[in-house]
Amino acid sequence: VMAGNAVAKLTRGSLDGLLTANGPWVSLSYTSTSPSGRRTLRENLDKARDHIRATRDHALDADPDKGDAPSDKGVDKNHLALLQGSKTARFNASGLKDLLAVCDFLEEYPMKAVVVGGQEAWACAGRLGRTGAALVISPRAKRQADSRLNRDSGWSIENAATLHAAGVPLAIIPQRASIDRSGIAGRDLMALAMEATFAIRGGLPQKEALRALTVDAAKILGVAERVGSLEIGKDADLIICDGDLFDYRTFVQWAVVNGEVVYDKDTAPYFSHIRPREQSVEED
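Add 13 to the 1-based position in the sequence shown for our numbering, that's all there is to it.
Calculated from the structure, these hints are not laboratory results.
No experiment lies behind these values; they were computed from the predicted model shown.
Be careful, since some hints might not be right.
[As the list claims (entries may be wrong)] Simulated crosslink set (EDC-like; lysine to aspartate or glutamate; CA at most 20 Å straight-line): (1) K86 to E120; (2) K86 to E121; (3) K100 to D63; (4) K90 to D59; (5) K60 to D76.
The task is simple: from the sequences and hints, build the whole structure.
As structure tokens, then:
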């Protein structure tokens with residue numbers, strides 16, 4: 014779960030291990046509707062890039078009287094970290110114009126980047142793939158096509174599949190990062206697998222859809238050394254289902270966090286009455 018600029022994982026009954034990472038991303042705004050904002054960001058990054066070059070030239074200079082290293086006064090440390098590859102830029106961009114603006118930016122200032130939204134990303138998937146940016150998408154988040162344009166626009170159920178074919182790393186999230194108890198189901202954290210199912214319906218291989226929910230999402234968040242897959246040395250976080258994860262009839266029977274069972278469907282107030290498990294002799 015990404016909250017602000019901290020990464021946390023869901024725990025129950027304890028705060029131990031809740032915070033997984035802090036400050037992995039730097040949020041940048043580079044939209045097609047703000048020329049002044051784009052200009053200011055470029056000027057600041059040019060200043061950071063000039064400082065990196067001056068520092069490198071100073072380090073390579075063999076003159077013993079070369080003086081002190083260039084001062085970083087007035088240079089944004091986050092911009093330095095982005096250009097040096099120690100942090101990742103985060104952009105919010107859903108429409109094609111904004112996505113192309115982000116591509117322009119990343120081609121001029123190569124850096125690790127994550128784009129959140131990407132509803133029209135299928136229309137520029139090849140270019141996004143060449144920038145190396147990762148995409149965080151909600152496959153069911155729709156955007157109407159613009160009938161005034163003579164180019165591709167709008168939402169496509171093939172968005173995830175097209176991005177994957179172009180080599181773009183993907184993470185899939187629901188449209189709302191919360192649990193909805195209003196009776197309108199299907200758009201919150203409870204329906205995360207359903208989001209991936211729509212991507213599969215659009216042509217994304219099932220294996221890649223699972224990765225977009227697990228290990229690839231962890232890599233994008235920068236926490237793959239702890240979570241995202243079942244490996245020795247990682248946190249023991251897993252779920253056990255009674256069927257195919259991407260079948261709408263499937264229920265999670267048990268959830269394990271940090272090696273401890275934190276959820277059992279048969280004791281859950283919302284779901285225990287639906288297809289209860291048959292009790293074995295041992296359980297009796």
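Hint check results:
Of the supplied pair hints, the one linking K86 and E120 is violated, its CA atoms being roughly 27 Å apart against a limit of 20 Å. With a C-alpha separation of about 24 Å, the suggested pair K86 and E121 falls outside the 20 Å cut-off, and the hint is violated. About 18 Å separates the Cα atoms of K100 and D63, which keeps this hinted pair within 20 Å; it holds. At most 20 Å may separate the alpha-carbon atoms for a hinted pair to count; K90 and D59 meet this at roughly 13 Å.
Between K60 and D76, the direct Cα distance comes to roughly 25 Å. Violation of the 20 Å bound is thereby established for this hinted pair.
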